[in-house]
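**Q** Full structure from sequences and hints, please.
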Amino acid sequence: MKKLLILLLFLSKIYISAQVGIKTINPKSTLDVNGDMNLRGKLYVPNSANSQLTTGINDQVLVSQGEGYPPIWKTLRIPDYEQNKFYLIFSNSFSDRTGVKFTSSEESANAGSISTSLVKNAAISSLSLFRKISALSQPFTLYSATSKMYFQFETVVQADFPSNGNPDISIDYACGIFVDDKLVNLRQRNIKASSGTNTFITHNQIGIAENLSKGNHTVSVACARLKSYNSTATLGIGINVAANIDSFIAQSSLKVDAYEVPEIFNPVTN
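Reading the sequence shown from the start, the letters are residues 3 to 272 in this note's numbering.
Keep in mind that the hints were calculated from the coordinates and are not lab data.
Using N, Cα and C, we set each Cβ at its ideal position, and we do this for glycine too.
Do not take every clue at face value.
As the list claims (entries may be wrong) - In silico EDC-like links for lysine to aspartate or glutamate, alpha-carbon gap of 20 Å or less: (1) Lys103 with Asp248; (2) Lys257 with Glu212; (3) Lys150 with Glu84; (4) Lys134 with Glu156; (5) Lys150 with Asp174.
Stated by the list, open to error - For each label pair, taking beta carbons as the anchor points, the in silico distance ranges come out as: (6) Gln154 with Ala111: 31 to 37 Å; (7) Thr118 with Lys76: 34 to 40 Å; (8) Lys122 with Ala245: 25 to 31 Å; (9) Ser196 with Ser249: 18 to 24 Å; (10) Phe88 with Ser196: 51 to 57 Å; (11) Ala125 with Pro164: 35 to 41 Å; (12) Gln154 with Ser106: 29 to 35 Å; (13) Lys25 with Gly217: 40 to 46 Å.
**A** Here you go:
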């Protein structure tokens, strides 16, 4: 009888206050446990889709939906990383049809002098002839201090040359891949007039950057006209300058891959 009376008093407290505290006299929610809790049975939460209670399925965890909303069961697919190995963390690709055009007045008066300034980590602000291909400037984020970035840039270069003569007609140009406006990769090439008019060539370039700082970065591509040989033709990089090709053919693309060695993860223990 004594035990029954205690139970009735306990249940009446639940009904009256709707708050129960275990090891606390001031419960702050319906059930407030000040200490460890062992759960040997099932744990049910409401399913917002059908308003029924569910225990979830194997390997699911409870995820908060924020204040005022019940938690939901979620399946978290966490990859199994091995120590000291690189994993592809980020991969994306971008395209641009705007490109850049250069007239014969937009080149170096001394091609040799500009070549000496094209060194690793040169700031784009110091390379006045270089112009960015707008849509290829894109952000990315690194989560580890040990990383390798791979950049693959492809475009079409065209000049509205006449047919080639003697001496040869050609233009030197360069394209650089920049991270945070610092040069990480450069390719210098020459486009030469052919037997036909309005010559175009495909330009491919792969750049690598290692162990950039953790956090947010920006990759960009910029190109420059360096020197002309017997020509005042317009040079287009990533954009057509004559009607024998169009902007679809001439467009630029950039692929960005980030490989990282994941840093220490806290293990999940029982």
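**Q** Would you mind marking each hint as holding or not holding in the structure?
**A** We went through each hint and held it up to the structure:
{"no.": "1", "hint": "Lys103 with Asp248", "in the structure": "holds (14 Å)"}
{"no.": "2", "hint": "Lys257 with Glu212", "in the structure": "holds (16 Å)"}
{"no.": "3", "hint": "Lys150 with Glu84", "in the structure": "holds (17 Å)"}
{"no.": "4", "hint": "Lys134 with Glu156", "in the structure": "holds (14 Å)"}
{"no.": "5", "hint": "Lys150 with Asp174", "in the structure": "violated (30 Å)"}
{"no.": "6", "hint": "Gln154 with Ala111: 31 to 37 Å", "in the structure": "holds (33 Å)"}
{"no.": "7", "hint": "Thr118 with Lys76: 34 to 40 Å", "in the structure": "violated (57 Å)"}
{"no.": "8", "hint": "Lys122 with Ala245: 25 to 31 Å", "in the structure": "violated (39 Å)"}
{"no.": "9", "hint": "Ser196 with Ser249: 18 to 24 Å", "in the structure": "holds (22 Å)"}
{"no.": "10", "hint": "Phe88 with Ser196: 51 to 57 Å", "in the structure": "violated (43 Å)"}
{"no.": "11", "hint": "Ala125 with Pro164: 35 to 41 Å", "in the structure": "holds (38 Å)"}
{"no.": "12", "hint": "Gln154 with Ser106: 29 to 35 Å", "in the structure": "holds (30 Å)"}
{"no.": "13", "hint": "Lys25 with Gly217: 40 to 46 Å", "in the structure": "holds (43 Å)"}
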